[in-house]
Amino acid sequence: LAVSPDGTIIDEVIYFFFKKNRSYTGEDVLEIQGHGGYQNLKKILT
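According to the working numbering, the sequence shown is numbered sequentially starting from 6.
Treat the hints as calculated values from the structure; they're not laboratory data.
Some clues are possibly wrong.
[What the hints assert, rightly or not] Dumping the calculated SDA-like pairs for lysine to any residue here, alpha-carbon to alpha-carbon at most 20 Å:
hint: 1; residue 1: Lys47; residue 2: Phe21
hint: 2; residue 1: Lys48; residue 2: Ser9
hint: 3; residue 1: Lys48; residue 2: Glu17
hint: 4; residue 1: Lys48; residue 2: Asp16
hint: 5; residue 1: Lys48; residue 2: Asp11
hint: 6; residue 1: Lys47; residue 2: Ser9
hint: 7; residue 1: Lys47; residue 2: Tyr20
hint: 8; residue 1: Lys47; residue 2: Asp16
[Said to hold, decoys possible] Here are the computed distance ranges between Cβ atoms for each label pair:
hint: 9; residue 1: Ile49; residue 2: Phe23; range: 11 to 21 Å
hint: 10; residue 1: Phe21; residue 2: Thr51; range: 32 to 42 Å
hint: 11; residue 1: Lys47; residue 2: Phe23; range: 19 to 29 Å
hint: 12; residue 1: Ile37; residue 2: Thr13; range: 14 to 24 Å
hint: 13; residue 1: Ile49; residue 2: Ser28; range: 28 to 38 Å
hint: 14; residue 1: Tyr43; residue 2: Phe21; range: 16 to 26 Å
hint: 15; residue 1: Glu32; residue 2: Gly12; range: 27 to 37 Å
hint: 16; residue 1: Glu32; residue 2: Asp11; range: 11 to 21 Å
hint: 17; residue 1: Thr13; residue 2: Tyr43; range: 29 to 39 Å
hint: 18; residue 1: Pro10; residue 2: Tyr43; range: 18 to 28 Å
Heads up, the beta-carbon is just placed ideally off N, CA and C, and yes, glycines get one too.
All chains, full assembly: derive it from the sequences and hints.
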């Protein structure tokens, strides 16, 4: 769950972590997938 600082649930998300040399770019990568487009993504990342 993605939860805001006041405890409100923003979204259910899935995340994937790829260690370097195991990702497409060869770098550490954290991929976050959620619902609702840009506005929800903006809330999740802040």
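Right, here's what the structure says about each hint:
1. Between lysine 47 and phenylalanine 21, the direct Cα distance comes to roughly 18 Å. Compliance with the 20 Å bound is thereby established for this hinted pair.
2. For the given pair, lysine 48 sits about 8 Å from serine 9 by alpha-carbon distance, which is consistent with the 20 Å threshold.
3. Taking the CA atoms of lysine 48 and glutamate 17, the gap is near 12 Å; set against the 20 Å cutoff, the hint holds.
4. A hinted pair counts as satisfied when its Cα atoms are at most 20 Å apart, and lysine 48 with aspartate 16 qualifies at roughly 9 Å.
5. Taken as a hint, the lysine 48 and aspartate 11 pair is honoured in the structure, with Cα atoms around 12 Å apart against an allowance of 20 Å.
6. Taking the CA atoms of lysine 47 and serine 9, the gap is about 11 Å. The hint holds against a cut of 20 Å.
7. Between the alpha carbons of lysine 47 and tyrosine 20 the distance comes to roughly 16 Å, so the proposed pair stays at or under 20 Å and holds.
8. With a C-alpha separation of about 12 Å, the suggested pairing of lysine 47 with aspartate 16 holds against the 20 Å cut-off.
9. Between isoleucine 49 and phenylalanine 23 the beta carbons are some 19 Å apart, a value that agrees with the proposed interval 11 to 21 Å.
10. For phenylalanine 21 and threonine 51, the Cβ-Cβ distance of about 21 Å falls outside the hinted range of 32 to 42 Å, so the restraint is violated.
11. Restraint check, lysine 47 to phenylalanine 23: a C-beta distance of roughly 23 Å satisfies the suggested window 19 to 29 Å.
12. Here the CB-CB span from isoleucine 37 to threonine 13 is close to 18 Å, well matched to the stated 14 to 24 Å.
13. The hint said 28 to 38 Å for the Cβ distance between isoleucine 49 and serine 28, and at roughly 21 Å that hint is violated.
14. A hinted range of 16 to 26 Å for the beta carbons of tyrosine 43 and phenylalanine 21 is consistent with their spacing of about 20 Å.
15. Judged by the Cβ atoms, the range 27 to 37 Å given for glutamate 32 and glycine 12 holds: they are separated by roughly 34 Å.
16. For glutamate 32 and aspartate 11, the hinted distance range of 11 to 21 Å is not satisfied, since their beta carbons lie about 34 Å from each other.
17. As the Cβ distance of threonine 13 to tyrosine 43 is approximately 19 Å, the hint placing it in 29 to 39 Å is violated.
18. Separation of proline 10 from tyrosine 43 is about 20 Å and conforms to the stated range, judged on CB atoms against 18 to 28 Å.
Hints 10, 13, 16, 17 from the earlier list are contradicted by this structure; the remaining hints agree with it.
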